[in-house]
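Single-letter residue listing:
Number of protein chains: 2
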Amino acid sequence: MIRFNETEYLAIADKTIEEMKLAEEAADTLTEKGFENIFFIGVGGTCAMMTSAKEILKQICHVPVYMEQAAELMATGHSQLTERSLVIVMSKSGDTKEVVEIGNRLKKQGNPIVAFTSSYDCPIAKNSTVTVPVVKADLVEFYYMPLNVFIMRLCLNLGDISREDYEQIYRELPLIPNNLVRIKKEFDFRAQKIAEQFAEEPYLLFVGGGQMWGEVINESMCVLEEALWIKTKAVSSADFFHGTLELVDEKLPVILIKGEGKERVLDDRAEKFLKKTTKRLVVIDPKEYALEGVEDKFRWIYAPMITTTIMIDRMSVWFAEKTGHDMQLRRYYRQFEY
Amino acid sequence: MIRFNETEYLAIADKTIEEMKLAEEAADTLTEKGFENIFFIGVGGTCAMMTSAKEILKQICHVPVYMEQAAELMATGHSQLTERSLVIVMSKSGDTKEVVEIGNRLKKQGNPIVAFTSSYDCPIAKNSTVTVPVVKADLVEFYYMPLNVFIMRLCLNLGDISREDYEQIYRELPLIPNNLVRIKKEFDFRAQKIAEQFAEEPYLLFVGGGQMWGEVINESMCVLEEALWIKTKAVSSADFFHGTLELVDEKLPVILIKGEGKERVLDDRAEKFLKKTTKRLVVIDPKEYALEGVEDKFRWIYAPMITTTIMIDRMSVWFAEKTGHDMQLRRYYRQFEY
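Respectively, the protein sequence lines represent chains A and B.
Quick note: to get my numbering, add 58 to the position in the first sequence (first position is 1).
Quick note: to get my numbering, add 58 to the position in the second sequence (first position is 1).
Hints may be right or wrong, so weigh each one.
If chains are identical, the list can't say which one is meant, so a pair holds when it fits in one copy or spans any two.
Stated by the list, open to error - Taking lysine-lysine and the DSS-like style, the derived pairs with C-alpha atoms no more than 30 Å apart in a straight line are:
{"no.": "1", "residue 1": "K289", "residue 2": "K251"}
{"no.": "2", "residue 1": "K150", "residue 2": "K330"}
{"no.": "3", "residue 1": "K337", "residue 2": "K289"}
{"no.": "4", "residue 1": "K91", "residue 2": "K150"}
{"no.": "5", "residue 1": "K309", "residue 2": "K155"}
{"no.": "6", "residue 1": "K155", "residue 2": "K345"}
{"no.": "7", "residue 1": "K165", "residue 2": "K309"}
{"no.": "8", "residue 1": "K289", "residue 2": "K380"}
{"no.": "9", "residue 1": "K166", "residue 2": "K333"}
{"no.": "10", "residue 1": "K194", "residue 2": "K289"}
{"no.": "11", "residue 1": "K155", "residue 2": "K289"}
{"no.": "12", "residue 1": "K194", "residue 2": "K309"}
Derived by calculation from the structure, the hints in this document are not laboratory data.
Input sequences plus hints: build the corresponding full structure.
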């Protein structure tokens, strides 16, 4: 596969698996400190990368869960954000300005904070109670592994899932990376075909939602818009039927991202409609890909890892290849103060 | 002004003012029943129309507040939605399928439910504990009046605002409609110019957020996409800097919607950036318009009424005029089952 180093990928996987116990310990430490609600705080892509975890908790955890954009939260405040709020932050760079600012404030307030980031020395880690290290790379799936361990361990500690279920997830997660390598290979030719079909389009519509909403935002806003300068629109499978559907004609390019959780019925409804109304529909469905050694029960939890590995990695790579656009090039972001 | 009947508008305003006390009574009835959190439940445009109220409560009310899309909520559930949740629904039609479905379920469960809708006989009203009548018309501002009374009365009852503040808001709200008529007239020529400039564009970028996010979604998704079939993208002023900004060049048409609340600093930042990067920026700023007889203190609460009246009404009307598109025409919505 182009732009993919399997040896390096599996080495990162091994390191990530090895560090899963740190996510577990972080959850135990913070449970012991106690909290009354949970705040995921991030910006753009990091909120996207925590959306699946938030959606999982919203369904199975009895503690209230919120997700807030760091800059908005700094500006407006939030009545439920108290010193008893458990704060979860994530950062690739380790120094995202808005997240550092809110972290400074919350650290002073004494909040329990966990940071998923690449170094213990970065400003975001320094503001946190515990840091869970993530290998620094544009591989979203390796952020999901420790985050999933962390939230599931919280649920175990809070009595929201059984020890048996927790252990199954802890046992199955390390089996995912090898599956993902195989899935990348299975998807790669399709990624090339999708890029050939869509990379020169002036506008792409993304539909998806629930637990997969983060993947929708990550691919549309953080990859296609930010890194490839391709215009997109993202709408949830549920709200698609309350406005955006009217744009659809047989020529409209649409990428539907399906989930494997309870929201899938809404994706099915959108798929049924879109198959009848546009000839240019691409459906990204993790369910088409086997996860060897993994039971069906918790596939819905792992499904975003499949989606992200085939989209953020393979599809984006082929879009870059097709357009000849350098994915590292930025006109503005982090180029100057604004 | 084209497509505007001042006499009819002011008659609807009078009726809305007269019915403000029903919103007050509804809040008292439901406070007496008791609740432990608040759920705004809607779809597309109705979620948009409740966003400002949700943002206000998030800032000033000590009770947890959630907003959920009805279809997603039906599919995935929500751990905080119990029989002790106060449910707020809104519907122009009175029979939005997804809202009727969740209402059926919650009514059986015994939830306190308030419906803001146009008739006591519609399915959504029948599922509710109390109904606050809203005059059936595409005038979003007249939904905001009773909804603002309702949420402020809740805040008073919960001890989150003073009686003096509540009474000021109750006294000032009836002064808004006459101001809005004058503001429409002041904005109308500008609306025409914006439509001349943007109505034929293949894509419009909307930026805004916080308390004004509902206005962003309502104009971009529910008017331009649904009723005029114009492609849009909406991004929050905060997240704009984490992806979408890279699309901007001097030719990109952008509509920035500013708020008057605490999130305004983020709109200011986006404005500063956009003024330097595109020559085709339109700024919709309610602060440019006087509200006679109204003090500054609660202008941030009324500001979405200004934005909606100049955009959903005047700007949309001129877009329709310029494109010649019939705003009532739908390809799909409510045309058949999907």
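Cross-check of the supplied hints:
no.	hint	in the structure
1	K289 to K251	both (19 Å within a copy, 25 Å between copies)
2	K150 to K330	between (37 Å within a copy, 27 Å between copies)
3	K337 to K289	both (20 Å within a copy, 18 Å between copies)
4	K91 to K150	within (26 Å within a copy, 47 Å between copies)
5	K309 to K155	between (41 Å within a copy, 29 Å between copies)
6	K155 to K345	between (37 Å within a copy, 29 Å between copies)
7	K165 to K309	neither (52 Å within a copy, 43 Å between copies)
8	K289 to K380	both (16 Å within a copy, 24 Å between copies)
9	K166 to K333	neither (53 Å within a copy, 36 Å between copies)
10	K194 to K289	within (28 Å within a copy, 37 Å between copies)
11	K155 to K289	within (26 Å within a copy, 32 Å between copies)
12	K194 to K309	neither (40 Å within a copy, 36 Å between copies)
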